[in-house]
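Following the working numbering, the numbering of the sequence shown begins with 1026 at its first residue and continues without gaps.
In case anyone wonders, no lab produced these hints; they're calculated from the structure. In this text, a Cβ means the ideal position worked out from N, Cα and C, and glycines have one as well. Among these hints, one or two may not hold up.
[What the hints assert, rightly or not] Each pair of labels, with its calculated beta carbon distance range:
no., residue 1, residue 2, range
1, L1091, N1324, 40 to 50 Å
2, G1148, M1128, 29 to 39 Å
3, L1030, A1286, 17 to 27 Å
4, T1078, L1053, 14 to 24 Å
5, E1248, V1066, 55 to 65 Å
6, S1338, S1099, 27 to 37 Å
7, L1091, S1267, 52 to 62 Å
8, L1054, Y1028, 22 to 32 Å
9, M1263, I1172, 44 to 54 Å
10, S1193, G1406, 23 to 33 Å
11, V1102, S1267, 39 to 49 Å
12, Q1080, L1053, 11 to 21 Å
13, H1409, R1434, 49 to 59 Å
14, L1149, E1248, 54 to 64 Å
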Amino acid sequence: MFYRLIVNLRKPGNQLWLMPTAGALLALLIAAAAAWVNVFVPPSFLPDIDLDTLQSLLDVIASSMLAVSTFSLSIMVSAFSSASNGATPRATELVMSDDNTRMAIASFISAFIYAIIARVALGLGYYGQNGRFALFIATLFVLLYLIITLIRWVHTLSLLGRLANTLSKIKAATQKPLREVRLRPNLGATWQGTVDDRAKALRHNKSGFLTHIDLAGLQKKAEDSDCYLHIMVRPGEMILPSTVLALVQFRSNDDSEQALANMRSCFVVDVARSFEQDPAWGFLVMSEAGQRALSPAVNDPGTAIQVMYDLMSLLIEEVETDEAQASDSGFDRLSIVAIDYQEWLVDAFLPLMRDGGHMLEVNLVMQKVLAGIAQHAPESGVRHAAKEVAEVALERAEKALVFDADRQRLREKHERLFA
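When you get a sec, could you build the whole thing from the sequences and use the hints?
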């Protein structure tokens, strides 16, 4: 249950309200704490700040932050629309999770709430002489923080929602789970045994996409139930009520049904895929951005070519040896199905070879990129899959290209790269 709560709180849509809420509580605390300064210093010890000065400062913050917050929210919505129309709707959540955007909006809303609360408290005579001075100092710090935040926000606005920025966010979101998978291809599952005919099938009672697997939770439940699990699915797969999530080998059948019910909660199923444990989803989303660029309405092969170079840089990136050694610990009661490397390449390049098959420049770059992957990818499965996908891409292109010289040039390029 706690794992699911953390997963839900990490969703970009939930993070949008979490930070403003936390900021509002902090603003309330600061405004209230200014009156407690009398506990630490004698009354009338600090300089006397004129009430009108404080009220003017707070009025400026309240009025300006309300306008800035409204403007920032409209900019954020426009950025979501730009990312959806320019790249792919699946990239919207990445723009939504931009740290600078969330921090700026949370800061503006928090400053507005702080100013309103402090203004009301001043009018009610809540602060004494020391309290007004403490509030004045706190307000100066708030103003300084807002100035810094506004400067950073202007820089963020120059990038937010632009296609290049969106593509870099997709790449970064794909890179993180890809590194994790390369560090631990089995996600930390180290059990080398096999299950027999007595193993019980674990199924889910929901349909959707598997977004997360809580392997630490499964390990704990396996230890408590004295059993072993062979996980049959990986994050990103579509789950139906008939899908076998895992085969569970119990030493004793006592209370096995209750144990299966407890283990089911470690598999998080949602209506949409997630980037966190699913690098294949990142490849697919990146490919969608390239597809849109190749559509007749956009006709931007340069973006599709950039997408292919980004895909290559991800697939040939090697994991540092010391990082792999640091992640060597695992779960000795769990095993998991192997990665389907063919799926990575198909998800990434099949849509591009289909929609760009009639463009010679796209096909030439695709052959070059796939050759680079076939030569430099750290996994043999990826290298082998790249060669197969290159053959398919060549065959598709030769049927789509109408000029004989283009077909000949592409064939020669392929033979030279894969000789």
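55 to 65 Å as the expected CB spacing between V1066 and E1248, which holds or is violated: Given about 56 Å between the Cβ atoms, the range holds.
G1148 versus M1128 beta-carbon gap, inside 29 to 39 Å or not: holds, 31 Å
L1030 versus A1286 beta-carbon gap, inside 17 to 27 Å or not: holds, 19 Å
L1054 versus Y1028 beta-carbon gap, inside 22 to 32 Å or not: holds, 30 Å
Range hint compliance [Cβ, L1091 to S1267, 52 to 62 Å]: holds, 53 Å
Hint check for E1248 and L1149 - Cβ pair distance inside 54 to 64 Å: holds, 58 Å
V1102 paired with S1267, Cβ distance criterion 39 to 49 Å: holds, 40 Å
C-beta pair L1091, N1324: status relative to the range 40 to 50 Å that was hinted: holds, 43 Å
Consistency of beta-carbon spacing, G1406 to S1193, with hint 23 to 33 Å: Since S1193 and G1406 have Cβ atoms about 27 Å apart, the given range 23 to 33 Å holds.
Assessment of proposed distance window 44 to 54 Å (beta carbons of M1263, I1172): holds, 49 Å
Range hint compliance [Cβ, H1409 to R1434, 49 to 59 Å]: violated, 26 Å
Outcome for the supplied range 11 to 21 Å, where the beta carbon pair is Q1080 and L1053: Given about 19 Å between the Cβ atoms, the range holds.
Comparing the model with each earlier hint shows a violation of hint 13 alone; every other hint is respected.
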